[in-house]
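Q: Below, each chain spelled out in residue letters.
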Amino acid sequence: MTRHSVMITPDSVMVNGKPLAHKENGAALLTELYRTYVGDYPKFFKMDTLCKLGFVASELLLQAEGEPRFVPREDRAVILFNRNASLQADTAYQATIQDPDNFFPSPAAFVYTLPNIVTGEIAIRNKYYGETSFFVMENDDASVISRQLVNAFQDPKTLSILNGWVDCFDEDHFEAHLFILDKLPTYDILEF
Amino acid sequence: MDELIYTLKQQIIEALNLEDMTPEDIDENASLFGEGLGLDSIDALELIVLMEKNYGIKLKDPAQGKEIFKSVAVMADFISKNRTK
Amino acid sequence: MIVKVSDNIISPLGMSTAENYAAVKEGRSELQRHDGLWGLPEPFTASLMNREAVNEMAKQKGIDDQYTFFEKMIVLSVAKALEQTSIDPASDKVLFILSTTKGNVFLLDKRETGFPAERVRLGMAAKQMTDYFHNPNAPIVVSNACISGVCAQIQAMRELESGNFDYVITVGADVQSAFIVSGFQSFKALSVDPCKPFDANRSGLNLGDASATIIFTRRDSVSENDWVAFRGAIRNDANHISGPSRTGEGSYRALRAVLGDLNPEKLAFINTHGTATLYNDEMESVAIERAGLARVPVNGLKGYYGHTMGAAGILETILSMQAIDDCNILATKGFETIGVTHPLILSNQNQPTDKRAFIKLLSGFGGCNAALLMAKGGAV
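Chains as they are written, first to last, in our numbering: chain G, 1 to 192; chain B, 1001 to 1085; chain F, 2001 to 2380.
The set of hints was computed from the structure by calculation and includes no laboratory data. You may find that some hints are simply not true.
Unchecked claim - Capping the alpha-carbon separation at 25 Å, the derived lysine to any residue pairs in SDA-like fashion look like this:
1) G:K127 <-> B:E1014
2) F:K2188 <-> F:T2247
3) B:K1066 <-> F:Q2060
4) B:K1066 <-> F:S2203
5) B:K1085 <-> F:P2089
6) B:K1066 <-> F:N2350
7) F:K2188 <-> B:D1040
8) F:K2188 <-> B:F1033
9) B:K1060 <-> G:R73
10) B:K1070 <-> F:H2240
11) B:K1066 <-> F:H2240
Unchecked claim - Over 10 Å on every C-beta distance to chain G, these chain B residues come out as not near it, computed from the model:
12) D1002
13) I1042
14) V1049
15) K1053
16) I1057
Claimed, not checked - If you anchor each label on the Cβ, the simulated ranges turn out as follows:
17) F:K2093 <-> G:F45: 46 to 52 Å
18) F:S2223 <-> B:G1034: 57 to 63 Å
19) G:P100 <-> F:N2164: 27 to 33 Å
20) F:T2247 <-> G:P100: 41 to 47 Å
21) F:N2201 <-> G:F45: 36 to 42 Å
22) F:T2113 <-> G:D40: 42 to 48 Å
Computed from a predicted model, the values in this text were never measured in an experiment. Backbone N, C-alpha and C define an ideal beta-carbon position, used for all residues, glycine too.
All chains should be built: construct the whole structure from the sequences, respecting the hints.
A: Spelled out as structure tokens, the structure:
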């Protein structure tokens, strides 16, 4: 059984361990990946950088998985982790209220000031009715992350988890490592 | 009025992140919500901010938005009658 | 079974669970209108902490001004919950879970220079707390919008079921700021008057400061007075990132998941999210009806505190446990006439009950929903 994975940094993209060719870097890379591999979801352009990153990474991952898309299901959870929560979106929103003489709070910016919104964007796109969660941690600690994922299988409905580290400091500094983890008959051995 | 309509289209495209659209793509008489551009509730709120920021118009009641944002033409008409900027 | 060991609430209604319950039972609230606070041009109604009182109490415990106000709120609440126990918070068998939506977000304001910028990170704020208690484990921070408080309790249940820890301290908190208030104002989601959950004339939510703690452990057998966290579930609407689903999809599925084959007659009440926005309350009524729970009394506590965001799931669960201990269904303050499609059983008066289980229901931005079934004595 192949375990699918995607990695995106400002200057590299890997799908299932193989590099994906690209021309752009940074924020432009995410747009390039969207146009090349997705292209049918204009809501992408409303997203903050964290959501663009998580959305594009999840699209590449699910395309690699090769299962029929957009089939409603409740048995797949989306559980993501990062260090900076929604910092890029928070900073963008703060800019709309920083100056008392130019005070125009933006609802389109405010809606992204929660890190779990990226799990919502993935759930909406894919019709995932299952568990969606977001955890924030100082360190990308694989043992803590794997513990949370194993814990999530205690929900008897959850049979697979789209999971991983999706972090964004600003528009040009981000990283995503996404995986699909399936519930195994015995899941006390997890390799990362 | 034509100039206002054109400018408004540009401003809407920018405010709502309608990335692949140009002012020429927007029919000023098509409905903004529902069938036309398919905008949603957050877009409606952003249009309220746009009106205040660019034209100094404060909507007392957000429910007024339903009437004012029927189309770009209706919006432009409202703006030309109520703008303070 | 996962059992509550102790709890605490710090809010404008008091610094202990008992004070808070007494205030709510009496119908009190600190929801007040604020004009021009934090430089905001539009007035808003909120229930805000008396910061001086908290600072004073915190100082007595060595929580000085090196801690932000948000950090003081969480450390203090945990400290007070621990006081009632003999748990050593420095033990590696103790885990801290923090539930918050915006933590120290006030630090993003360029005029705030009192703390290093990195403290805006939720993990850093949580570390201030675990360092205070000398706890060696990395804290878990749940940031799942307004359902975080229930999510944190579900995480606690899972960690304890796995046998990873002996005790899990779940603390939820948020502190209001220009950032948060202006954001909700831009959504036109706030009511300038005290909120009216489920009411025909409801016009939006109020906001509130609070921190709340529940300490859980796992026991093989429970007494009839032990509060058991029986089952929890989180589900997504898969519909819209901020608007609730018209079919209450995620909320309904979360309810269905925690109900299992439980007889709804065993439930004293469902304590809803009940934010008093047009859409949320309508959505919850749809979900409750779909789940076959329309005959179970329903209540909401945001009329006493406003929406306390990261604290809500924990604070509202604690008060619900207190209510059942008191054979009471707390009144839904602000409710007068039903204003949702399905005729739910709501009251603005306290009502008696002899039932011993309830469901805590929450929804949040991102389309997430959570339900938690709590049962006294564990028998459901």
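Q: If you check each hint against the structure, which ones fail?
A: 1, 3, 5, 6, 9, 13, 14, 15, 19
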